[in-house]
Structures are given as structure tokens and as C-alpha cells.
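Chains as they are written, first to last, in my numbering: chain F, 14 to 500; chain H, 3 to 478; chain V, 1498 to 1592.
One thing to keep in mind: the hints can contain errors.
Said to hold, decoys possible - Restricting the straight-line Cα-Cα distance to at most 25 Å, the calculated cross-link-like pairs of lysine-lysine (DSS-like) are:
1) H:K217 to V:K1565
2) F:K126 to V:K1565
3) F:K101 to V:K1575
4) V:K1526 to F:K433
5) V:K1526 to F:K423
6) F:K101 to F:K249
7) H:K20 to V:K1565
8) V:K1589 to F:K249
9) V:K1565 to H:K132
Keep in mind the hints are simulated off the structure, nothing from the lab.
Treat the numbers as computed from the prediction; the structure is a model and nothing was measured.
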Amino acid sequence: MDILEMTATQLGAAVKSGEVTVKQALDAYFEKIDKYDKTYHCYNTLCRDEAYKRAEEVQKGIDSKTLTSPLAGVPIGIKDNICTKDIKTTCSSKILENFVPPYNATVVERLEKAGMIVIGKLNMDEFAMGSTTETSATGATHNPWDIQKVPGGSSGGSAAAVSAGLAVAALGSDTGGSIRQPCSFCGVTGLKPTYGSVSRYGLVAYASSLDQIGPIGNTVEDCANLFEIISGKDEKDGTSMEFPHFSAEKALAGNVKGVKIGIPRDYIGEGIAEDVKKAVLDAAETFKSLGAEVELFDMPIVKYAIPAYYIIACAEACSNLSRYDGIKYGYKSANARNLRETYIKSRSEGFGMEVKRRIMLGNFVLSSGYYDAYYQKALKAKKLIQQSFFEAFEKYDMVLGPVAPTTALKMGESLSDPLKMYLGDIYTVMVNIAGVPSVSAPCGFDREGMPVGMQLIGKPFGETEILNAAKAFEDATDYHTKKPVLK
Amino acid sequence: MEWEIVMGLEVHTELSTKTKIFCNCSTQFGGEPNTHVCEICSGMPGTLPLLNENVVRYAVRTGVATNCEITQYNKFDRKNYFYPDLPKAYQISQLYLPICRNGYIEVTGGDGSPKRIRIHEIHMEEDAGKLIHDEWEDCTMVDYNRCGVPLLEIVSEPDFRSAAEVIEYLERLSAVLQYIGVSDCKMQEGSLRADVNLSVRPKGSEKFGVRTEMKNMNSFKAIGRAIEYEANRQIELLEDGKEVVQETRRWDDGKGVSVAMRSKEDAQDYKYFPEPDIPPIEISDEYIEQIRNAMPELPEAKKRRYIEELGLPEYDTGIITGSIYLVKLFEKTVEITNNPKDSANWIMGELMKLLNDTQTLPENMSFREESLGELINLVNSGKINRGTGKKVLEKVFCDNVDPAKYVEENNLAQVTDTGAIKAVIEEVIANNEKSVNEYKGGKTQAFQYLIGQSMRALRGKAPAAEVQKILKELLG
Amino acid sequence: MTIDKTLVRYLESLARIELTDEQREETEKDLQDILTYIDTLNELPTDGVQPLSHSFPVTNVMRQDEVKMHNTRDDILKNAPEEKDGCFVVPKTVE
Chain F
14 MDILEMTATQ
24 LGAAVKSGEV
34 TVKQALDAYF
44 EKIDKYDKTY
54 HCYNTLCRDE
64 AYKRAEEVQK
74 GIDSKTLTSP
84 LAGVPIGIKD
94 NICTKDIKTT
104 CSSKILENFV
114 PPYNATVVER
124 LEKAGMIVIG
134 KLNMDEFAMG
144 STTETSATGA
154 THNPWDIQKV
164 PGGSSGGSAA
174 AVSAGLAVAA
184 LGSDTGGSIR
194 QPCSFCGVTG
204 LKPTYGSVSR
214 YGLVAYASSL
224 DQIGPIGNTV
234 EDCANLFEII
244 SGKDEKDGTS
254 MEFPHFSAEK
264 ALAGNVKGVK
274 IGIPRDYIGE
284 GIAEDVKKAV
294 LDAAETFKSL
304 GAEVELFDMP
314 IVKYAIPAYY
324 IIACAEACSN
334 LSRYDGIKYG
344 YKSANARNLR
354 ETYIKSRSEG
364 FGMEVKRRIM
374 LGNFVLSSGY
384 YDAYYQKALK
394 AKKLIQQSFF
404 EAFEKYDMVL
414 GPVAPTTALK
424 MGESLSDPLK
434 MYLGDIYTVM
444 VNIAGVPSVS
454 APCGFDREGM
464 PVGMQLIGKP
474 FGETEILNAA
484 KAFEDATDYH
494 TKKPVLK
Chain H
3 MEWEIVMGLE
13 VHTELSTKTK
23 IFCNCSTQFG
33 GEPNTHVCEI
43 CSGMPGTLPL
53 LNENVVRYAV
63 RTGVATNCEI
73 TQYNKFDRKN
83 YFYPDLPKAY
93 QISQLYLPIC
103 RNGYIEVTGG
113 DGSPKRIRIH
123 EIHMEEDAGK
133 LIHDEWEDCT
143 MVDYNRCGVP
153 LLEIVSEPDF
163 RSAAEVIEYL
173 ERLSAVLQYI
183 GVSDCKMQEG
193 SLRADVNLSV
203 RPKGSEKFGV
213 RTEMKNMNSF
223 KAIGRAIEYE
233 ANRQIELLED
243 GKEVVQETRR
253 WDDGKGVSVA
263 MRSKEDAQDY
273 KYFPEPDIPP
283 IEISDEYIEQ
293 IRNAMPELPE
303 AKKRRYIEEL
313 GLPEYDTGII
323 TGSIYLVKLF
333 EKTVEITNNP
343 KDSANWIMGE
353 LMKLLNDTQT
363 LPENMSFREE
373 SLGELINLVN
383 SGKINRGTGK
393 KVLEKVFCDN
403 VDPAKYVEEN
413 NLAQVTDTGA
423 IKAVIEEVIA
433 NNEKSVNEYK
443 GGKTQAFQYL
453 IGQSMRALRG
463 KAPAAEVQKI
473 LKELLG
Chain V
1498 MTIDKTLVRY
1508 LESLARIELT
1518 DEQREETEKD
1528 LQDILTYIDT
1538 LNELPTDGVQ
1548 PLSHSFPVTN
1558 VMRQDEVKMH
1568 NTRDDILKNA
1578 PEEKDGCFVV
1588 PKTVE
């Protein structure tokens, strides 16, 4: 089997059996990246030298059987907001264009310990703010299924790379849908884990109470194996939690017999594209045929999710992004004549427009006089949204819905109208607000041949259940095997 | 018109934990710039704070010692502002749920009776870095060593009516903080800082006047001077029919004036909100009880015990218990000498004189704690006389010498061999025939002169009583 | 909520960001659209609801008070746009 045809888990097995060397795997991927990434722009930075150097060590570890993870020796791409020691981490922003972290994010430490090899840093919306990867200061990533279309965002580089086969697996981050939505647009699988199940240490913060790192892959199995590696309590992240050890093996049973699945009516009502709705309802039928019980239910709070999300996310963002000032790291304006101008010019020249907009919105909702009416109100809505999910989980094992109201949009289409772009997050942001996990998996194509994704939303720490259901669906369908033809 | 001064205090005290509040960097004072700094306290992207458990412990201890209620469900909040000494551009602090509330400290009121100064709240937060102004190159250099050192901010109610009350409160507060081991309260190193909110109003009025906030006072004395200056300034303004502007003023102790700090060009709004990176802290009844039970003896209790059990004068106990460093020295000295009175006398007399003469604060004494007791034992046992003792204490104080060794090496011990003393005195008698005759003729001064000569010949090392006795015998 | 230029300028100032006139024009409109939408949240009854700042009831995550040094000064300073004598450098902060 061709290296580039293998899933991450298959490649791991081939390396372990000696069929493929770690170096051969790297060669194959770098060669493909060299050929196609000019067109798709998935990567901000490639770390070829570091990767080959590590490959030697990893090969030794595999040969001596000290590295036993199913993904040992497998190359991986990392979203460019996850800190990598001595490798540039830019968040696709001019303000961090030359930032080289002196430390590794905890997830990177864990990948390396498992013998995985970081091959590059993947493009994204600037500071993860956006749903198209067009707000990147390094230029937009293109959707491998249609070069005129966006890959989604903010982890657009990660999803597009996996879809185009320029990475066998990747890490993304999801604050309001940033893993799931690009996975849906690019036809790959991704997991937004339960808040607190993966360490955020080293993830450049956008909205701290919502951000989670998660895996993106070609199959549920790849995501489960990756999640097993990166999840678990980290003493460096006070919000990371102790929970029963996740076992990929258990999550891959692929059995949904007797599983109760609820679909919120409010997820398939007004505003959803017909093809998307059809694909999701077809998926529901598939689940039924596999022995699951599927039922519609009402979740009227859905319409308040976007207001609550943008208040909370922007408030935290405006605070998290205040540290970029041209003093300690990153871009410093050459035009500043005094301290005040160092702040103002460095930030005005260093941040893109979408980031500025969200920072200003955040400043508004936190400013004195507005805090109670906006921020405090949003935290109450957060409580109610979480409650709605918990009530649904009293009746259902998981919730099924679309990831986004549409398939991938044409480039440039949503940039001109930020509100329209925000509204596209309607089905994803609730999951982050509630802190629950959700897996996004391909479930069809629209009439133009663009992939459609569904999401399965689980109880807190219910990753095993939702991955299991996604695996059952995957086993019964072939959407995940379809690949775009690259140009 | 008679005016009343109304003041409230915001005291910041750096906690003496080993590490910073949110990372494992050392809190040690000094050090080359940016050497006690890590990715977390320098605000690198992606880093997260992790709370030091001792900060909570010290805060609860402080609350218990200052009669506060302890908040059992605590959260941290972010206070957002831009300044180069604050690398994250927000300070992690507590706005909505401070850890301690509604306490008090007792001082002596204007009429001499005890007066409670109420503590509004105590909250935990992180210190900022240091800005060093480069005079030559027209720039400012930033050092983050102090950044993230844990602070307690202790906020009083506006209960002060005089500088004396303020200073007594600060003395008592810092004594308590030192006793319970949470802070060394060194004003010069900035581990205790007090900002004074001051307004004036016509005596008898209930309404508060417009207040100013004064910063940058580096000693109790400076605080006294700053209060006097600011009260007079406000009174003069009001008497001239002008208004007091609400502002922050910086005290310049050298010039003896306060100057309004330039109001910032840009909008200032701290935009507080709950810190998402730090889960809430719950404090159990058992935890508080444990801390209450382990509380060391506090200054007031110690003072009473010294008076009642050791029989020391009230004035002396007040001075000694005012500083944990004097208390420690005193208790160690008593342990060695088993003589509380002498121990207190040496501290109140000779040691105080040395502290005053050298302008040294008790916390900066650098000699071995046992030295004073050992020295007193040398004197009381007659090994050296009191005069020598004072001189040796000076060497102990300045150079941290070992008293016994110093006496030995410099041959300062008294001559106790009666034969040897006798021989010296016999020689003195032989050489001073005139005085001997005068004495025998009834002139008592002559005896004093002979004593003086004998002591001189003995280089002060013989017990005076002994010399007197032998001289008398020899003269018949 | 009505957004006007004065408010946009105030937010710029709070954020230490300066927009061009054109950007300000655009931002005024965008923020107005977004806030009008956000204001629909007012329709959600929230009386008696406790605000939820942390998703899950995790408490008391603390570390021991032990010194561990992770970084060298060079690690901390290597990304600084300007450095002098082991310090970060900013334009003079006092006049």
C-alpha cells in the first residue's frame, strides 16, 4: 500500500512492522507538500530539519520497542497557535510573525513522547478568529475540493491538509467550531473534546473558557488514537481535569444498538441549506438502520447561543490579546516615538481587521456600565445552555445535528459581512459554551460535490460514546474514503 | 474653621512564600534583572497560571489574625490595563469575592482609648515588574523579577483621623504579619507599601470630602510627613474657596511635596471579569480551624505575657513586641541567660543605642541570635566586666563576631587570680607614695585615684570590687 | 444599543488600537449589526440564574510552593524586539 494512501493508524502499524521507515514516511509527505502546498497553502512553517532529526531517534525507539504507541513514527501537522519549542508559532498574525516559543505546549510534549513527529505548523484564521482561514496574515488556505472555496476555519489549514493528504493527521483547536466546521467543509473527521480533557498549556489563548485542542484525521480511529495520546490531566493547566483514562480501543466498538440519539428541531429549521439538512436526516436514518433510536426534540435556547458566544469569546479575547504590545515579543512598530505609540501602532499595524473588531467588541461588553447587561447576562445564558444540554442528556445518549448551515462558501463571500460569518457558527458554539464534546464526521455531499459534515454531541467526558457512534456510521458508509482530486 | 482629616489605607504586602503566586520562580529579592523569570510570569503566549497553595494559606492566616471573616468560595478576577511592568496586560486579582472581609485592628484613638480600624477586605493578587529609567539613553528598562510575587492588598475603611493612628495601625499590622510569618514587611525593599486615601471635612460634618490617593512613601516617617503635607494642602485649597481634585499623587520625600501623577491620555477602565484560567478556591471550616489552632502568639498576647509572667515594664515590652526580630532575639537571649530582666535591659539599653546610632531597623540586624545571650552570660559570670561587654556588643553588632572567641583573642577577660591582682596593686602603691600618704592622712579622693591607677595598670580587666577590697587591705 | 463614532473611538482607546477613518466607518456599521443581533439575548429570561464562569465545578487546583526554574534569561529575552543589559526596553515611561 502506498504510504500516502494509509490512515495514520495504518501508517503507524506499517512503521512498527518495518514495512515503512519513519524517514520514508517523512519523504512521502514532504514531497507531496512541496508539490501541492503552493496551491492550497495549508502550512505556515515546515520543520523539515527538525523532523528528520527526530525521525532518527524515533526510528531507534521503534526498533528497540521502547516506542509502542500505535502512532509512533507517524508525522503530524500542528495548528499554528500551539507552541512548539524553537519553531515559529505565529497564530497566522503579523504581530507574532517571528515568535519562537522557548517551550512546547503540553500536547506537543505528549505527541513527541508517543513518537509522533511534527512536520509543520498549519495555517488558521488569525488568532483563531474566523470561520474561513481568510483572516490569516499569511494568506488564505484553499479548500481541496474546490480551490475557489474556503476550507472553513479557524483550523482550515489543519482540515485542508488532512483532506488533501498533505498531512496524515493534525491538531486543531476549537473555540466555537474551529475544528468541526473546517472538518465538515473539507470532508474529514475531527473531535472537539470535553473542556478540560486536553491541556491548554501552550495553546495561544483566544477565549480561555472555550478553547480546546483536538485531533483531526481521516478516520474516527485516527482521531481516537490521537485523542488517547493528547488527553489527560496536566498539572500545568489548572482547568484540565482528572477523568477515567480514555481508551481508543473501547471507543471503536462501532456499535449503536439501543443508543438514543436526539436531534434538536432548532438545528434543522430555518436557515439551513437543503442539501445539508438532507444529509443529516439521511445520517439519522442510517443510525436507525444500525439499531439506534432517533428522535426530534426542542431546544429553543439555540437562538441565544451566538449572542452569548460572541460576548464571552470577545471579552476573554480582548484581555488575552492585550499582551501583544511590541515589548516582549512579536511585531513592534518602527513608527512609534513614545510608549503610547509603541502600544497603539504596534497593535494597529500588527492585528488584522477581524481581530481588531473582536477586541473592540470585547472591550465594549466588559466596559463599566455595560458589564452586567452583556457579560454577566451571557454567563447566565451559558448556564441555561449547559442546562439545556444536560436536560437533553437525561433523555438521549447523544445529540445529532449538522455542523454548519451550509457547505463551504466561496472565498471572500463572508469577509465583507462579519455578522453573516458569525451566524454560520450557530450549531457549533453551543457545544463550547456547554463544555461538552462533539465529533464532526463526513455524512454526504451537496449537489456541487462539496462535503457535508454532521456532529455527534456527547455528555461531558462522553468521548467514548460519540466516537463509537461515529465509528458505527463510518463502518456503514463510505463518505470518509472519498478524497478530492488535487490540482 | 476646624478641620477633620479622614483617611483610609490600602496596604500592599509581599508574601514571603518561596515561589511566585502563579509559577515556580523564586521570590528572592535582588538578583540580576530577569533571572527570576519564566515563560509564565513574563506573559508568554499560551502559558497558564497555577496557584501557589501557600498564598491561600497565608491569606487565611492573615485574615484570622486580623479578625476577618474568611470567604469560603473564592474566585480570581482579571484587572486589565496596559503598562510595561505588567507583561500579560492584566493583573490577576480578586474583585468580586476577596478572601477576607470585615476585620479590624485596634489602635489608640485621639482620646487615648482603644479604637478599632475596620478592615474592609483583604485580597490576593500578583505584583508587577520593575521599571528602571535609563538617564543616558532616554529609555526605560523592564525587569520582571518582582512580577508575580504574591501580594495581599489590605484595604481599611476610612476610619483614620490622624497620622498617629495611621502609623500605629501600620506598626501593628506589620508586627502581626511578621509574627504569623507571612511577610517580612521591609518597606525599603517594597515588601510593605501603603497608599493613603485622604480627604478633609469641617469638624462635625458627616459628609466625606473629595479624596486624593498618595503613593510612594517609603517609611513610616515619610507617611507621617506626606499626610501632614496633603492635609494642609487640601485645607488651604478649601479655605481659599478652591476645590480638591480627585487624583493620585506621588510623594517626593526628598522635596517634601506630593505631585499629581499625570492623568493617562487614554481611557482607563479595568474591565474586571472572572479569571477563566483559575478554578474557584473553596476553603473548608476545617482548614480555617486548623489555621486558627496553629496561630502563633500575637503581639498583644505576647506583651501581656511579658508583663505578667516575666515582670517586664510595659514600655519595654511595647518596644520589644513591636518587632518580631526583637522578639526572636529577646526570646533566644532569655533561653541562654535564663534572665529576662537582664535580657530586656541589654536590648532596651545598649542594643537600642546601636540601632539608633547606625539607623538600622531590627529586621536588618545581621548578627547571630545567640550572641547577645552569650555576651550577657560573660558579663554576669564576671568573665568580662560590663564596660568590656558594651564594647564587645558593638563588635557583635557590626561584625557579627563570636563574643567568647573575641574576648579570648583580644585578651579581654578579667584577671581573677587574686595573687596577680595583688602584685599589680602592690606595685601601684609603691609608685604612688604621695597618694598613699594623703589617703592615710584622711583624704578620700586619694583612694579613688589609687583605684584608678590600679585599674589602669590592670587594663580594666579586674573586677572593680576585688581591686577595691585588695587595695583597702594593703593600705591597712 | 446604538453605536456611534464617539463610542468607537472610546473602544479604540480602551483597546490601544487606532483605526483609519475608513475602518472606523466600517467598524461602526459592523459593530452596530453585531450588537443589534446580540441584543436579542435580552429576550432570554435569566432572573434568578446564577452566572456560570467555569463550565465544570472543578475547585482548589493548586501547586506546592517549591522553586523550579524552567527558563534562562536568554529564553525570556530572545523574542524581544529590543533588549539592553538583560532587560526589555521601552520608550521612557516618565517625562
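Exercise for the section: Report the numbers of all earlier hints that the structure fails to satisfy, in ascending order. Expected result: Hints 1 and 8 contradicted; others consistent.
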